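All chains should be modelled from the sequences, with the hints used to inform the complete structure.
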Amino acid sequence: MQIGIVGATGQVGGVMRRVLSERAFPVDRLRLFASARSAGRPLPWGDTQVTVEDAATADYEGLDIVLFSAGKGTSKELAPRVADAGAVVIDNSSAWRMDPEVPLVVSEVNPDAAANRPKGIIANPNCTTMAAMPVLRPLHAEAGLVSMVVATYQAVSGSGLNGVAELDEQVRKVADRATELAFDGEAVQIPAPGCTRARSPSTCSRSPARSSTTAPRRPTRSRSSATRAARSSASPG
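Position 9 (the sequence shown) corresponds to 9 in full-length UniProt numbering; numbering is contiguous.
If you are wondering where the hints come from, they were derived from the structure by calculation, not from laboratory data. Note that the structure is predicted; figures quoted are calculated from it, not measured. Be aware that a few hints might be false.
Mimicking SDA-like on lysine to any residue, the simulated pairs with C-alpha atoms at most 20 Å apart in a straight line are [unchecked claim]:
{"hint": "1", "residue 1": "K72", "residue 2": "T9"}
{"hint": "2", "residue 1": "K72", "residue 2": "S157"}
{"hint": "3", "residue 1": "K76", "residue 2": "W45"}
{"hint": "4", "residue 1": "K72", "residue 2": "A175"}
Okay, the calculated beta carbon distance ranges per label pair [as the list claims (entries may be wrong)]:
{"hint": "5", "residue 1": "D176", "residue 2": "L139", "range": "43 to 51 Å"}
{"hint": "6", "residue 1": "G185", "residue 2": "G73", "range": "36 to 44 Å"}
{"hint": "7", "residue 1": "A113", "residue 2": "D168", "range": "36 to 44 Å"}
{"hint": "8", "residue 1": "D64", "residue 2": "A178", "range": "48 to 56 Å"}
{"hint": "9", "residue 1": "V171", "residue 2": "D64", "range": "37 to 45 Å"}
{"hint": "10", "residue 1": "M1", "residue 2": "R97", "range": "20 to 28 Å"}
{"hint": "11", "residue 1": "A24", "residue 2": "G185", "range": "50 to 58 Å"}
{"hint": "12", "residue 1": "G86", "residue 2": "V150", "range": "37 to 45 Å"}
{"hint": "13", "residue 1": "D168", "residue 2": "P118", "range": "39 to 47 Å"}
Note that the Cβ used here is the ideal one computed from N, Cα and C, for glycine as well.
Here is the structure:
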């Protein structure tokens with residue numbers, strides 16, 4: 001089979017490439033696509049190297065399946081063109097999840113839905129849904145689920161490498177001034193969300209929106225704490 005990966009240089013694209021190899025997927029030829037700045041970069045595939053192509057200008061004719069993990073905007077723009085070229089598109093972004101003409105598939109739950117794809121595109125749910133559905137399906141079949149309340153903790157990497165860089169910057173700021181932060185909740189100056197030097201140095205303000213100009217405050221005991229301490233010292237030993 002002729003397989004393509006759009007977003008091949010990203011974290012998820014790298015995992016897609018690795019899983020295809022680990023599971024011995026029948027790949028006769030693998031083509032890798034990414035942004036123009038990554039075009040020409042070689043990536044390992046088995047004992048060979050595959051040169052990354054510019055996703056925006058590439059010819060997708062001849063591909064059987066193309067995996068997308070390059071973000072919503074790229075999927076919206078390129079997935080229809082790739083599908084029109086004859087490939088089945090499997091999209092990992094949120095771009096097509098709510099489209100009634102695009103099946104939303106969890107392979108362990110509704111694999112048959114993938115056969116009905118009017119636009120040539122198959123979407124998958126987000127990571128939380130994909131993890132929950134295989135467990136919930138037998139419960140629903142047995143008892144019938146009416147509603148569900150879910151609390152999740154999402155990986156920051158889900159927002160891409162920029163999100164990882166932002167978290168790294170924030171953690172370093174907290175670690176560098178941990179002692180001051182223990183006494184002063186405003187001791188650490190964090191840029192506005194989405195504003196990191198790694199992402200956009202020119203648009204990030206040099207002075208934070210909130211800053212602390214006061215010296216770290218010394219801890220004080222509340223009246224109840226002092227009272228308990230006094231009572232404890234006055235108690236017979």
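| Which of the stated hints cannot be reconciled with the structure, identified by number in ascending sequence? | 3, 4
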